[in-house]
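*Asks:* Based on these hints, arrange chain Y on the given structure of chain R.
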Amino acid sequence: MAAVAHEAHGHHEDHGHHEENFVSKYIFSQDHKMIGKQFLMTAVFMGIVAMLLSILFRIQLAWPGESSDFVSFFLGETWAPGGVMKEDMYLGLVTIHGTIMVFFLLTGGLSGTFSNLLIPLQIGARDMASGFLNMLSYWFFFLSSILMLASLFVESGPAMAGWTIYPPLSALPQAVSGSGLGMTLWLFSMAIFIASSLIGSLNYIVTVLNLRTKGMAMTRLPLTIWAFFITAIIGVLSFPVLLSAAVLLIMDRMAGTSFYLSDIIVGGEMLTQHGGSPILFQHLFWFLGHPEVYIVLLPSLGLTSEIIATNSRKPIFGYRAMIGSILAIAFLSFIVWAHHMFVTGMNPFLGSVFVFTTLLIAIPSAVKVFNYLTTLWKGSIVYTPAMLFAIGLVSTFITGGVTGIILADAALDIAVHDTYFVVAHFHVVMGLSAVFGMFAGVYHWFPKMYGKMLNTRLGYVHFWITLIGAYGVFFPMHFVGIAGAPRRYYDYTVYNEFDVDSLNMMMDLNVIITVFAIIAALGQGVFLFNFFYSIFRGPKAPQNPWKSTTLEWTTPVEHIHGNWPGELPTVHRWPYDFSKPGEEEDFIPQTVPLRDGEEEH
Amino acid sequence: MITKLIILLVIVLGVLALAQMMRVYELSSKLSGKEEGEISNRDNRMNANFMLIFMIALFGGFIWLMLKYGWTGRGVAASIHGEEVDWLMNLNLIIVIAVFFLTNTLLFVFSFKYVKKPGVKALFYPHNNKLEMLWTVVPAVVLAVIIILGLRTWNQITDVAEEESIRVELFSKQFDWTARYAGADNTLGRFDYKLTTDNNELALLTANTLDSAIFQMENGPAGIHTLEAKLNDRNLIMVPEDRQKMEDDLSRKERLIRLLYQMRARHDGKNDASAWDDIIQKDTLYLCKGKEYEFNFRSKDVVHSAYFPHFRAQMNTVPGLTTRFKFVPNKTTVEMRDAKNDKNFNYVLMCNKICGGAHYKMKMMVVVLEEKDYKTWMKSKSNSTFKDSYFPKAVEAVETVDANVMADTLAVAI
Chain R
1 MAAVAHEAHG HHEDHGHHEE NFVSKYIFSQ DHKMIGKQFL MTAVFMGIVA MLLSILFRIQ
61 LAWPGESSDF VSFFLGETWA PGGVMKEDMY LGLVTIHGTI MVFFLLTGGL SGTFSNLLIP
121 LQIGARDMAS GFLNMLSYWF FFLSSILMLA SLFVESGPAM AGWTIYPPLS ALPQAVSGSG
181 LGMTLWLFSM AIFIASSLIG SLNYIVTVLN LRTKGMAMTR LPLTIWAFFI TAIIGVLSFP
241 VLLSAAVLLI MDRMAGTSFY LSDIIVGGEM LTQHGGSPIL FQHLFWFLGH PEVYIVLLPS
301 LGLTSEIIAT NSRKPIFGYR AMIGSILAIA FLSFIVWAHH MFVTGMNPFL GSVFVFTTLL
361 IAIPSAVKVF NYLTTLWKGS IVYTPAMLFA IGLVSTFITG GVTGIILADA ALDIAVHDTY
421 FVVAHFHVVM GLSAVFGMFA GVYHWFPKMY GKMLNTRLGY VHFWITLIGA YGVFFPMHFV
481 GIAGAPRRYY DYTVYNEFDV DSLNMMMDLN VIITVFAIIA ALGQGVFLFN FFYSIFRGPK
541 APQNPWKSTT LEWTTPVEHI HGNWPGELPT VHRWPYDFSK PGEEEDFIPQ TVPLRDGEEE
601 H
Chain Y
602 MITKLIILLV IVLGVLALAQ MMRVYELSSK LSGKEEGEIS NRDNRMNANF MLIFMIALFG
662 GFIWLMLKYG WTGRGVAASI HGEEVDWLMN LNLIIVIAVF FLTNTLLFVF SFKYVKKPGV
722 KALFYPHNNK LEMLWTVVPA VVLAVIIILG LRTWNQITDV AEEESIRVEL FSKQFDWTAR
782 YAGADNTLGR FDYKLTTDNN ELALLTANTL DSAIFQMENG PAGIHTLEAK LNDRNLIMVP
842 EDRQKMEDDL SRKERLIRLL YQMRARHDGK NDASAWDDII QKDTLYLCKG KEYEFNFRSK
902 DVVHSAYFPH FRAQMNTVPG LTTRFKFVPN KTTVEMRDAK NDKNFNYVLM CNKICGGAHY
962 KMKMMVVVLE EKDYKTWMKS KSNSTFKDSY FPKAVEAVET VDANVMADTL AVAI
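These protein sequence lines map, in sequence, to chains R and Y.
Reminder that position 99 of the first sequence reads as 99 in the working numbering, one-by-one numbering, no gaps.
Reminder that position 303 of the second sequence reads as 904 in the working numbering, one-by-one numbering, no gaps.
Pulled out of the complex, with its shape left as it was, chain R reads as follows:
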């Protein structure tokens, strides 16, 4: 927060808004711009932690059983005696890496940052519908982050049942040490996180529906807002189901109920629970879990739409089709969850229904990709770092998306389910795409957030290292997966006993993957330096650095409470009037009235 605090200059007492002290401005702020920055800072920190965890377990995978000073430095003698991590801790690292990345970085960080920052600014509102709830949403997020981090330092270890925390493993401390206090902290952290997400989402929905400025019809909203709006709706409908799953699990753990437990003997102890079903948990979990993919992805796609249009100096191709595909994806995302469960023993007929619905999602996704491509076609592309990341997103969205076709096909899923093929698939399509979208957003709206410019050259370095590192990590992983390597294995040298060829291949590729992972992680250092350096000492941002059309670039560079000093702007056109024939400039802001005889797109 110190970084945010530095931006103390530039009070606007003369604009008639009340004087703020340090606490109300930087800590318990109700201003959406500050809350957005708080979300970003917390998410960046959580992201660094999760990335570090991944490097630790990648070292174990590439050089199993070898002593490492790096591992020993972070895990100590308890969890890495002699510099070799313990089996349990490996699972703990995998679990917390996944949880933080999915929920804290890509849900909290992405929606929290950009919905907060951009919704009021792009629809022409003075603030969120409820500033207080917005503040509450951040502080719940902060609290849940603290709990999640604290679980890493518990004596019995963090949660170790994978980020999907399938019971009975997650319900029984006898089964794995992390299912003790670590799992309790995980569950409470997530319960609070869900509350944060719900409060935030309700606020976004209400704001978009009610606080649009004059002339801002729904069909004149930038695609970012459409994406945030639909994301919030998905969140409101699906997160409560995860909460119920978590609450039932808490009951099974603490109150002796048997929602998920039946006929179990563990650690020599015969449990009395009977009649519960572990598969029930999986249904509840994935009822959130799959929409969650789109909660993560849609905001990134929204940000990218805006950035690609701006930097190609072209209107986004097929604006209405883009909205349509967001709606179609959102709808379908609720009826595909059981494709995660083809081999759980679920009724095969139910499986076939989910094959059908899942493959349907490829259609709106394809529409989005082709619309991006057509937007680039005959454009006049300006390579800001944001644009680079946006193009990176389109590439990873394609690469990760196509492998989904194989996983969605139940018959093929049998062979690759829970292998590295799945790991590669979702990291590329969800992880990389969402992270690229998030970076694109940070580079593009950094001037709006901090009133400063990020260094472009460092941005280039960051992008190319990240793109090369990312593909270098996840491309070989597909091959490890096709070979049948199960995920969440601590050590693949077990293959020595039955298939030496496969072992050699896996060990070769695991080393390559880890080396690229380390390169990519170091590349993020460039970003962090650029980010913090520019907050303090970056050159001052101009009013509209990217020559964009949307409303946020009409607000003063110095933040003021209420966003616009005078009246709220009036909107006269859609947000994508770039390079309109017969116009002097290659962009027309939304606030410019239509000329006589000019047609709206």
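Rather than coming from a laboratory, the hints here were simulated on the basis of the structure.
The reader is advised that the hints may include incorrect statements.
With a cut-off of at most 27 Å between alpha-carbon atoms, the simulated DSS-like pairs for lysine-lysine come out as follows [what the hints assert, rightly or not]: (1) K448(R) - K631(Y); (2) K890(Y) - K831(Y); (3) K973(Y) - K892(Y); (4) K547(R) - K631(Y); (5) K378(R) - K890(Y); (6) K846(Y) - K547(R); (7) K86(R) - K973(Y).
If you want the footprint, here are the derived chain Y segments under chain R, 3+ residues with CB under 8 Å [to be verified]: (8) 729-743; (9) 751-763; (10) 877-886; (11) 915-929; (12) 933-945; (13) 950-964.
From the structure, some residues in chain R lie toward chain Y, with a derived Cβ separation under 8 Å [as the list claims (entries may be wrong)]: (14) V84; (15) D88; (16) T344; (17) G351; (18) D501.
Ideal Cβ placement from N, Cα and C applies to all residues, glycine included.
*Replies:* Positioned in the frame of chain R, the structure of chain Y alone reads:
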């Protein structure tokens, strides 16, 4: 310690140096009057070229990986449905890889070609219904084909097993597998987890095992009587937590014993024979080439997943629920070794659902034999049914026979 300090020092100095370089860079760009937001033509050009170079590198890397590792490990399918799955997989991969190349090429080539050039304005092209229709309909048609073919295979794989298919139960627990063959009657005996005792690990249900489980629960070393005696012993001093634990244990066992008595009251012993002739097999699972197997999966503790990578078969094992999967192995271990040109290769059953610390070690070797060898092996097992192991008097004699026959079989087949 010293090295750590030096590393720290280098990092700090590095960051400071970078910061100073940034200052110099900023001053110089200020002097030349360049704004940070403005991207020079040179930078645009450079990134556009990188886009093309990256595309070539990406495709090159992909092709290299395909040539070098494409089918390593996976090998040919060793089951009948597996061959079908592989055919479908290849078809899907061709479609997927084609789409991957096509769209990524368009993306990177457009990124390269349409970089900003002085004096060239972008084309105002907001929509085209025909085009949009095209890329809605074409993917829909391709997907329809994929869905139809996929579901056809899926339905075949998950169809009910034939009456005469061989029934085998795979029992999973942290961290190993146990197989149970249905024996001569090809019917798996019933089970109930409450009957688990040291000599009945799979908790099979017969009148004897019921009685024995009740006896154990009441009179065993940690049985109800012992617990009661300890809790009522005034001379015994216990930490409150231990006492609480013991009381919990007792109340749990009291609930279980009531259920066991109910079970015994209802038990008619009619199906006992189907349990007695079952054959329990650890370490290695023997299968016969060309025979259909229906596997019934059980779990003792947490969710595991029975993953046979070479047979393209997988099914989770779920506590409290029996799951099923059927397949026909169609290549013996020997044939597969020849095909892979690897004398030490073996089929394997792995655990593929996170189940605790030693998850990665939880596996069972699988051996597929020709029918002749399989029958020999089965014969060797005919005297080690559940009944034989439960009433151990006959065991000594059996083991010697077993060892001899097995040595023969192994010499022939493996």
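*Asks:* Look at each hint and say if it fits the structure.
*Replies:* Tested hints:
1. In summary, the hint linking K448(R) to K631(Y) is supported, as the alpha carbons are separated by about 21 Å, within the 27 Å threshold.
2. Only pairs whose Cα atoms come within 27 Å are accepted, and K890(Y) paired with K831(Y) is rejected, the gap being roughly 56 Å.
3. As the CA atoms of K973(Y) and K892(Y) are separated by approximately 12 Å, the hinted pair is consistent with the 27 Å bound.
4. Restraint check for K547(R) and K631(Y): the C-alpha separation of about 21 Å stays at or below 27 Å, so the hint holds.
5. Distance hint between K378(R) and K890(Y) is unfulfilled; the C-alpha atoms sit about 60 Å from each other, more than 27 Å.
6. Note on K846(Y) and K547(R): the hinted pairing is violated, with a Cα-Cα distance of about 70 Å set against a maximum of 27 Å.
7. Only pairs whose Cα atoms come within 27 Å are accepted, and K86(R) paired with K973(Y) is rejected, the gap being roughly 46 Å.
8. Using a Cβ-Cβ cut-off of 8 Å, 7 residues of the region 729-743 of chain Y lie near chain R, which meets the minimum of three, so the contact claim holds.
9. As drawn, the region 751-763 of chain Y meets chain R at 7 residues by the rule of a beta-carbon pair under 8 Å; at three or more, the given contact holds.
10. Counting residues of the region 877-886 of chain Y whose CB lies closer than 8 Å to any CB of chain R gives 0, so the stated coverage by that chain is violated, three being the minimum.
11. Residue count for the region 915-929 of chain Y with a Cβ under 8 Å from a Cβ of chain R: 9. That meets the three needed, and the coverage hint holds.
12. Counting residues of the region 933-945 of chain Y whose beta carbon lies closer than 8 Å to any beta carbon of chain R gives 3, which reaches the threshold of three, so the coverage claim holds.
13. Figure legend: the region 950-964 of chain Y, annotated as covered by chain R; annotation consistent (13 residues with Cβ-Cβ distances under 8 Å, at least 3 required).
14. Using the Cβ-Cβ criterion of 8 Å, the hint placing V84(R) at the interface with chain Y is not satisfied: the shortest such distance is roughly 14 Å.
15. The criterion of a C-beta within 8 Å of any C-beta in chain Y is met by D88(R), whose closest approach is roughly 5 Å, and the hint holds.
16. Nearest Cβ of chain Y to the Cβ of T344(R): about 5 Å, under the 8 Å cut. The hint holds.
17. The interface hint given for G351(R) holds, since its Cβ lies 7 Å from the closest Cβ of chain Y, which is under the 8 Å cut-off.
18. Below 8 Å, beta-carbon pairs count as interface contacts, and D501(R) has one with chain Y at about 6 Å; its hint therefore holds.
The structure does not agree with the numbered hints 2, 5, 6, 7, 10 and 14 stated previously, though it agrees with the rest.
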